[in-house]
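Starting from the known structure of chain X, fit chain A onto it as the hints suggest.
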Amino acid sequence: MIYDGIAGSEGFAAGRAYVYKNKQAGIEMRTVASEDVAGELSRLEEGMKQSRIQLRSLKEKISLELDEDKAQIFEAHMMMLEDPEFIGTIREAIRNDRANAEYAVKKTADHYISMFEQIEDAYMRERAADIKDVSSRLIRNIAGLTSKDLRGIESPVIIVAHDLTPSDTASMDKALVLGFTTDIGGATSHTAIMARSLGIPAVLGLGDISERIRDDDYIIIDGLEGKVIINPSNEQQTEYAGKIAEYRRMREKLEGSACLPAVTTDGRSVEISGNIGTPEDIDDVVINGGDGVGLFRTEFLYMNRDELPTEEEQYGEYRKAAVKLGGKPLIIRTLDIGGDKKLPYLKLPEEMNPFLGWRAIRICLERKDIFMTQLRAILRAGASGNILIMFPMISGVAEVREAKKVLEEAKAELRSENLEFDGNLKVGIMVEIPSAAMTADTIAKEVDFFSIGTNDLCQYAMAVDRMNPKVSKLYQPLHPGILMLIKNVIDASHKAGKFTGMCGEMAGSIEACIILLGLGLDEFSMSARSIPAIKDIIRNVSYEKAREIACKALEMDTPEEVVEYSRDVLRRLNL
Amino acid sequence: MVSEKVTILNETGLHARPAALFVSTAAKFKSELLLHKGEKQANAKSILSVLALGVTKGTEITISANGPDEKEALSKLIELIKSKFNE
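So the sequences go chain by chain: X and A.
Under the working numbering, the letters of the first sequence match residues 636 to 1210, in that order.
Under the working numbering, the letters of the second sequence match residues 6 to 92, in that order.
This is chain X alone, in the form it adopts within the complex (with noise of 0.2 Å):
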């Protein structure tokens, strides 16, 4: 029988299952006397002092196998225990209505737990799960009970449960574990994280399976689909055995090639780069794989503070980030603030229609004192490393003329102060407004390269608001118009001889990849995560391919359909 849950983590496990109960007693609630509600905060205290001599030594012992960031649970659940308010409420419980001290703490943690299950964010509502396993500690050390774990595990099994907490899972021997699979929980669920953090595959929500199953049934667990199987038929087993041998060449091949150039069958090489938020996300792009940055957003480096940040600061910082990526190309966003991002020292009007508004080179052409001193900074910065520029929200050709101006402006400052800098700078542009795109044939004859913003070029030339809930399923880079438009860039950048990336998240996308590389693209930048598998596919595929199929795509009708083709394609391809 197949079973079909959420897959939390990816994988295959087939072996013997290990069904953990883990249901609490029914807490009863019990009046006590008047005399005895000192004896009743006494036994509180006991428990909580048992709770953290045990939380303490869980901490350790995770410390030491795993890293630090697990140990932190525990951590977090020592708070709870010292938390005013939520000792505050159990101890009035246990005075003003003379409740025993276990009924105190579950009617105390139902409050909060609801209050957490409410909250719109799932992972606050996975909160509610550490208040759950805090509380139930807290109530059997109470009432004496020894804490049930699963120390017992001798041989490889797949642990099956209502539910693993915390507290259920720093016992076992991980060694032995061979996935995880429950009836509640998601892919954000504890469960679901420690089966990522060990490599291991979990399959949870499944309703009822720890009732199904029984303690030794050979199941197999797919974390791929989100299906269990108890009891295989040989011809289950023989599939999944070949699934599983898949699996396993799928990931030694991505690990293997994450660091290998992107090149495609037929020899055409493209740049798959990483984008950063500060010099030290620089760290993931290169493990990853990643060719360089393609973006490198400067906000950080004005927000959050009470005034604007220096030459000297900035220049450290993108010194910095030019370092760690060695000769690798590092192209540097001018500042991209307005509308939505406030800068409290900047005084932005208040406006209407934010993202139409006053923001990113529109203020830097206002505000040449912001613009030059940032320019200086990047300019300077240059000599350390492979850095480009590159100017965001540009509507058409005057604006870089205008932006241009400046740069000369600060080189000639920097000449006549005898500071090093790099002059031979590349300039390009961020492709966002329609209105560039579309004259994308006159200003590559100004700059040395495009970077096409899908996120924000999709929002203008569709008129839809991603966050919007109400239009969000609007929003598809796919669409034939905007593939057209990338076209379009893609094309006046060659006829020029420069070059043409991408830094929206389209250029991430598995679905987009093939026809973003049949159009031409030369560079795809996205976060440092998706490296690997983009890699994966240029090197699986032919140039001549991807622009048969790139042409294809821009003859469809609807995005619907350019979907529907390249996920066919991919499939085609075993990708």
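By construction, these hints were calculated from the structure, which means they are not laboratory data.
Zero decoy hints are in this set.
Some chain X residues judged to face chain A by a derived CB distance under 7 Å, without partners named: (1) Q707; (2) A711; (3) M715; (4) D718; (5) P719; (6) E720; (7) F721; (8) Y747; (9) M750; (10) I754; (11) R762.
Each computed DSBU-like pair below joins lysine-lysine, with the alpha-carbon atoms no more than 30 Å apart: (12) X:K955 x X:K1039; (13) A:K62 x X:K977; (14) X:K959 x A:K87; (15) A:K89 x X:K982; (16) X:K1133 x X:K955; (17) X:K977 x A:K81; (18) A:K76 x X:K982; (19) X:K1046 x X:K982.
Please read all numbers here as calculations on a predicted model, not as lab measurements.
In this text, a Cβ means the ideal position worked out from N, Cα and C, and glycines have one as well.
Chain A in isolation, oriented as in the chain X frame:
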């Protein structure tokens, strides 16, 4: 009584490790410390209250301090937030 507005800048907002750091820092001071988000407020020494406030990246909050070490407490907490909890 002293108070100051500040915007949360770190990626995860006032969750997990940052929240824990915030609360354990607040707990060191004698003054009453409150966190205000719009109409709601939370005891800055109570981890559950702080988490329940649901402060995400980009949210502007006000921290108020009242007591013998109020100035020191306020400045330490503001500094913690501005340094993005060293993330």
